[in-house]
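Peer 1: Based on the provided sequences and hints, a complete structural model is requested.
Heads up: the sequence shown begins at 435 in my numbering, then just goes up one per residue.
Simulated from the structure, these hints should not be mistaken for laboratory data. Among these hints, one or two may not hold up.
Claimed, not checked - Below 27 Å or equal to it, Euclidean Cα-Cα: the simulated DSS-like pairs (lysine-lysine) are:
1) K444 <-> K506
2) K467 <-> K444
3) K550 <-> K519
4) K491 <-> K550
5) K454 <-> K550
6) K502 <-> K519
7) K506 <-> K491
8) K519 <-> K491
9) K467 <-> K550
10) K506 <-> K553
11) K454 <-> K444
12) K487 <-> K506
13) K491 <-> K454
14) K487 <-> K454
15) K506 <-> K454
16) K444 <-> K502
17) K491 <-> K553
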Amino acid sequence: MTQDLDDEGKLVSMMLEANKNVRYACICDSEGKILWNSRRNDIVSMLTLDDTKVSLKRALENWRERDKLSGKIGRGRFAIVDYEKLKRVTVPLANNHLLYIHVEGDKPEYIGDILKIVKYVEEHPSQK
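Peer 2: This is the structure:
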């Protein structure tokens with residue numbers, strides 16, 4: 435699949451460049467279709483493509499449920515799921531797309547980088 439590098443493609447590339455602990459990054463649409471993705475070359479994927487698609491759909495469903503409460507508690511900015519072997523980080527984008535990242539499971543220093551990513555997404559209207 436040939437992909438022209440637009441803002442979302444650049445965002446996926448930035449994830450891998452910004453933090454050596456990021457294993458995989460992708461952006462999907464509201465239906466779970468992967469629009470952009472990249473995996474660090476020096477790692478073996480823990481999930482098959484089908485596993486990733488199932489995980490994406492679950493993450494999207496969770497965000498839809500969170501959105502139901504946004505009028506009361508505010509809009510969700512990011513979510514982290516902590517598995518033994520990796521962390522799954524999701525960040526909703528303003529265009530109803532979802533940034534989905536896998537980070538090495540035993541690397542707590544990624545939190546600061548995730549907050550920078552969230553700030554970047556919020557400050558760049560081209561992501562909307």
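Peer 1: Next step is simple, just say for each hint if it's right about the structure.
Peer 2: Hints, one by one, checked against the model:
1. K444 <-> K506: 33 Å, violated
2. K467 <-> K444: Answer holds: K467 to K444 is near 18 Å, not above 27 Å.
3. K550 <-> K519: Given pair K550, K519 holds - Cα atoms ~23 Å apart, limit 27 Å.
4. K491 <-> K550: Holds. K491 to K550 sits at ~25 Å (cutoff 27 Å).
5. K454 <-> K550: 15 Å, holds
6. K502 <-> K519: 30 Å, violated
7. K506 <-> K491: Distance of about 25 Å is within 27 Å: holds.
8. K519 <-> K491: Holds, because 20 Å separates the two Cα atoms, which is no more than 27 Å.
9. K467 <-> K550: 25 Å, holds
10. K506 <-> K553: It holds: about 22 Å lies between the C-alpha atoms, which stays within 27 Å.
11. K454 <-> K444: Holds, at about 16 Å.
12. K487 <-> K506: It is violated: about 30 Å lies between the C-alpha atoms, which goes past 27 Å.
13. K491 <-> K454: This hinted pair holds, its Cα atoms lying about 26 Å apart.
14. K487 <-> K454: Roughly 23 Å separates the two Cα atoms, so the pair holds.
15. K506 <-> K454: The given pair, whose Cα atoms are some 37 Å apart, is violated under the 27 Å limit.
16. K444 <-> K502: 30 Å, violated
17. K491 <-> K553: This hinted pair holds, its Cα atoms lying about 24 Å apart.
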